[in-house]
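Count along the sequence shown from 1, then add 311; that gives the number in the working numbering.
Please note that a few of the clues may not be correct.
[What the hints assert, rightly or not] Pair ranges (Cβ atoms, derived):
{"no.": "1", "residue 1": "Leu-350", "residue 2": "Lys-460", "range": "28 to 38 angstroms"}
{"no.": "2", "residue 1": "Leu-441", "residue 2": "Arg-394", "range": "28 to 38 angstroms"}
{"no.": "3", "residue 1": "Arg-373", "residue 2": "Lys-442", "range": "22 to 32 angstroms"}
{"no.": "4", "residue 1": "Leu-350", "residue 2": "Asp-440", "range": "27 to 37 angstroms"}
{"no.": "5", "residue 1": "Gly-425", "residue 2": "Glu-352", "range": "30 to 40 angstroms"}
{"no.": "6", "residue 1": "Asp-443", "residue 2": "Ala-492", "range": "36 to 46 angstroms"}
{"no.": "7", "residue 1": "Gly-395", "residue 2": "Ala-448", "range": "26 to 36 angstroms"}
{"no.": "8", "residue 1": "Ile-459", "residue 2": "Ser-384", "range": "20 to 30 angstroms"}
{"no.": "9", "residue 1": "Leu-350", "residue 2": "Asp-416", "range": "27 to 37 angstroms"}
{"no.": "10", "residue 1": "Gly-361", "residue 2": "Asp-416", "range": "18 to 28 angstroms"}
[Said to hold, decoys possible] Listed below are the simulated BS3-like cross-link pairs for lysine-lysine, each with C-alpha atoms no more than 30 angstroms apart in a straight line:
{"no.": "11", "residue 1": "Lys-330", "residue 2": "Lys-442"}
{"no.": "12", "residue 1": "Lys-330", "residue 2": "Lys-370"}
{"no.": "13", "residue 1": "Lys-442", "residue 2": "Lys-415"}
{"no.": "14", "residue 1": "Lys-330", "residue 2": "Lys-460"}
{"no.": "15", "residue 1": "Lys-460", "residue 2": "Lys-415"}
For the record, the hints were derived by calculation from the structure and aren't laboratory data.
All C-beta atoms in this analysis are idealised placements derived from N, C-alpha and C, irrespective of residue type, glycine included.
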Amino acid sequence: MGAWMSRVWFLMFPAKEYKIVVVGLDNAGKTTTLYKLHLGEAVTAAPTIGSNVEEVVFKNIRFEVWDLGGQESLRTSWATYYRGTHAVIVVIDSTDRARINIIKDELFRLLQHGDLEGAVVLVFANKQDLKDAMSPAEITDALSLHSIKNHDWHIQASCAITGEGLYDGLGWIAQKECRIANAGRASKQNRMEGGSSAEPSLLTDAGSRILAAMGYKTKKAPRSIHTI
312 MGAWMSRVWF LMFPAKEYKI VVVGLDNAGK TTTLYKLHLG EAVTAAPTIG
362 SNVEEVVFKN IRFEVWDLGG QESLRTSWAT YYRGTHAVIV VIDSTDRARI
412 NIIKDELFRL LQHGDLEGAV VLVFANKQDL KDAMSPAEIT DALSLHSIKN
462 HDWHIQASCA ITGEGLYDGL GWIAQKECRI ANAGRASKQN RMEGGSSAEP
512 SLLTDAGSRI LAAMGYKTKK APRSIHTI
């Protein structure tokens with residue numbers, strides 16, 4: 312069964328590398344998140360000065376993941392990393408209520424950048440293992456995520472130390488990028504063939520059933536939050 316699933320995943324998600332930028336305030340857990348995904352273990356991380364970049368392989372997909380420093384003096388440099396980005400991961404310290412409006416401002420500033428047009432946005436509500444953590448629903452309201460209209464977004468409860476929720480978040484990005492890639496190929500083929508205006512199917516029936524079994528939605532739906 313495992314080999315069969317891997318084969319089907321390979322057919323659905325051809326080998327490709329996607330660029331992700333990871334942003335957030337200092338002490339949010341960005342670097343811990345990156346290296347938990349990259350190494351499979353928690354590391355003790357010093358504040359990032361500049362950036363860290365690593366390759367993370369998930370199923371058949373390679374992600375080039377850039378972890379950007381979150382100190383106030385470094386946030387103005389985030390935009391220099393945006394070109395070619397497919398997805399933005401925003402890591403939130405769920406216990407940092409005092410600075411939630413600061414990361415909200417940074418989020419909406421980056422969403423206006425032209426180099427991020429079409430990029431999907433994943434919010435990790437990190438440090439959910441702490442008793443005073445805000446829930447994903449609270450963070451959604453505090454960040455006004457429902458007001459985001461031009462980007463697909465998702466909020467995921469996570470704990471970078473244990474890894475809880477991290478691969479669920481990557482799975483959401485993988486699903487979104489697959490749809491975008493398939494839609495682009497279908498649109499190109501439609502233009503070449505002088506096709507109809509009907510919307511093409513983005514996934515095969517078999518692929519849809521597999522994604523559904525994995526807990527992913529395979530039909531286009533209004534943007535919403537999904538918490539785990």
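Lys-442 paired with Lys-415 [C-alpha distance capped at 30 angstroms]: 23 angstroms, holds
Hint says 18 to 28 angstroms; check whether the CB-CB distance for Gly-361 and Asp-416 agrees. 22 angstroms, holds
With 20 to 30 angstroms as the target window, see if Ile-459 and Ser-384 comply at their CB atoms. 27 angstroms, holds
Between the alpha carbons of Lys-460 and Lys-415, is the straight-line distance 30 angstroms or under? 15 angstroms, holds
Regarding Asp-443 and Ala-492, is the given constraint of 36 to 46 angstroms on their beta-carbon distance met? 41 angstroms, holds
Please test the hint of 22 to 32 angstroms on the beta carbon pair from Arg-373 and Lys-442. With Cβ atoms ~37 angstroms apart, the hint is violated.
In this structure, is the beta-carbon distance linking Gly-395 and Ala-448 contained in 26 to 36 angstroms? 33 angstroms, holds
Determine whether the Cβ-Cβ distance between Leu-350 and Lys-460 falls within the hinted range of 28 to 38 angstroms. This hint holds: roughly 37 angstroms between Cβ atoms.
Take the C-alpha atoms of Lys-330 and Lys-460, compute the straight-line distance between them, and say whether it is at most 30 angstroms. 22 angstroms, holds
Please work out if Lys-330 and Lys-370 have their alpha carbons no farther apart than 30 angstroms. Roughly 16 angstroms between the alpha carbons, so the hint for Lys-330 and Lys-370 holds.
Taking the beta carbons of Leu-441 and Arg-394, is their distance inside 28 to 38 angstroms? For Leu-441 and Arg-394 the Cβ distance comes to about 36 angstroms; the hint holds.
For a C-alpha distance cap of 30 angstroms, please report whether Lys-330 and Lys-442 respect it. 33 angstroms, violated
Comparing the model with each earlier hint shows violations of hints 3, 4 and 11; every other hint is respected.
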